[in-house]
Every structure is written in structure tokens, then in C-alpha cells.
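All residue numbers for the sequence shown refer to the numbering used here, where the first residue is 97 and numbers rise by one.
Mixed in with the good hints, there may be bad ones.
[What the hints assert, rightly or not] Taking lysine to any residue and the SDA-like style, the derived pairs with C-alpha atoms no more than 20 Å apart in a straight line are:
hint	residue 1	residue 2
1	Lys289	Cys276
2	Lys193	Arg133
3	Lys144	Ala160
4	Lys266	Glu310
5	Lys178	Arg133
6	Lys193	Ala164
[What the hints assert, rightly or not] FRET-style restraints, in silico, Cβ to Cβ:
hint	residue 1	residue 2	range
7	Asn359	Thr203	16 to 24 Å
8	Val318	Gly119	17 to 25 Å
9	Asp219	Cys252	39 to 47 Å
10	Asp194	Asp140	31 to 39 Å
11	Gln136	His287	22 to 30 Å
12	Gly294	Ala164	30 to 38 Å
13	Ala355	Ala195	43 to 51 Å
14	Pro114	Pro240	32 to 40 Å
15	Ser236	Gln330	40 to 48 Å
16	Cys382	Ser283	48 to 56 Å
It should be emphasised that the hints constitute simulated quantities derived from the structure, not laboratory data. Remember, predicted model here, so these are calculated numbers, not experimental data. Here a beta-carbon is modelled for each residue, glycine too, at the ideal position from N, C-alpha and C.
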Amino acid sequence: MAKKTKPAAVEAKPAVHPEIRPGQSIELLKELHILTREGQLNQDSRRKLKQVYHLYQFIEPLLAEVLAETGSLSLADHGAGKSYLGFILYDLFLKAKDAGTVYGIETRAELVERSRLLAEQLDFPRMRFLDVSVEESTRSTELPERIDVVTALHACNTATDDAIQFAFAKDARFLVLVPCCQAEVASVLRHNKNASFGLTPLSEIWRHPIHTREFGSQLTNVLRCLQLEAHGYQVTVTELVGWEHSMKNELIIARRTGAPRKNAMERIEKILDELNLNELRSRFAC
């Protein structure tokens, strides 16, 4: 009887994930720890990737519009952290272009250095990373005088407001913001709660602690939108992804039109007066 030969071993192919966009660098996703070293995608990473990709769908046409009209492009990502967003934007959009620079602004020096090394490793020459505060970033000679697009993904508490002020200083054409953990307004509501009870029946809206937190978060974004409109931006507010993926889900997109909404600042002033938030006037009414 003829001896049976064993079939040749078939080399295992890495898993292909339908969630990963065509052309996306697998090496980059591994370095960002979105994929494991074996090329696997766990549930937490899948959620993170879905959020960034969904945000990319909103940002990509804005980048294309600026690049088509001016032939150049500058994007500043505030509170960049590990620069997930900046790296993926560069990899999917700018890598194949001849122009365009992404600036990651982050105050944690170790994350800035890590991002610099990764950009060098991946040969992403038009990525810059700055270890500076918002105030410093508006004056830094490492940044151009004007920035086309400002992004802030899950910028905690007042970091979103800092990104807005940076955009105003840099005459940004677009802002794309996903705020996170807004505590400042809620803290002032809580601090002034007893006095507010005697001023307005609206104080019932934030009488209970959980309502203080949620109302404070919503009110923060309302004031931000009015502030943007007062500075000549057209504002769209939508959700980033389904609530099952993230509770920090509000997406604010602002396009500079140069035509301020006439009553926007007046509305801010009245809201601050009505809700006993006058100590926040320097943040929003400017």
C-alpha cells in the first residue's frame, strides 16, 4: 500500500478585519495598541477604532475642501494624548498627498516624545508634536500664524474651551470637537445652588446631584455653541457614534463664515444671569 503523504503545512494568514479601512497601516494600528501584536482587535479597541473612523468621516471632507481651495492644509489636534486621531488622519488622508501638516498639541512630555518617535518610525514627515500649553501654543513659533482645522477628541473639562480659544487666535476655518467630562459649569451650579433657589425656579433643574452633572454638561456645550456663533461660526451639533459605543458622544462642528449671529452674545449673558453663573462670564462671554 502506498504511503500517504501529509499535506504541506499552510502558512496562517493574518486575520482580515472588515472594520479596518483599506490602505490603513497595520503597523500603525499595532503601535497605537488598537491591534495586538498578532493583529487581533479586541472589543475595547474596536469601539475606539469605530469612534475615530466615524470622526474621520466628518473631518475628511473638510480637509479635502481646504486642500482643494488653498493647496495647503494645517490641522492642530488639541489635547492630542497618544495622537490616535492625528496619526489616523495622516495615514488615511495626508500620507498620499504632497502637502498638509498635522500638529499634535499635548502637555504630557512623555506622550509627545513617543509620538515623535512613532512618526519618525512610520516615515510621517509632516507630523509635528509640541509639548506646550494652550496659551503657549498661540504664541509658539513652531506653529503657523493661521491654522485651518482645529480638532479636540474627548478633551476633558475646560480643554475643549482652550481649543476654542486657540481656534479664535489662529483664525481657524473649521473646528471639530468631541467634549468630555465637563465639570466646571456643574461645579459652579453646585456651589451657587442655595443662592439660586431664591433667584429662579429653574434651579429645580439641577437640584439633584445627578441632574447637576448632566445639566451642567449640556449647558456647557450650549454656551460653547453660542460662543462660536458669536465669533462668526456656523455650528452643527450631532452625535459621534451610537450611545452603545460611548457616552461622551456629542460632536460639534463649526465652520467659519465671518458672519456672527447677532444675538448670540446677548443670549450667553442672559443665560449666565438667569442661572446665577456670572463668575463664568470671562470664559464664555468673550
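Find the hints from earlier in the document that the structure breaks and name them by number, from lowest to highest. Violated hints: 1, 2, 3, 4, 7, 8, 9, 11, 12, 13, 15, 16; rest satisfied.
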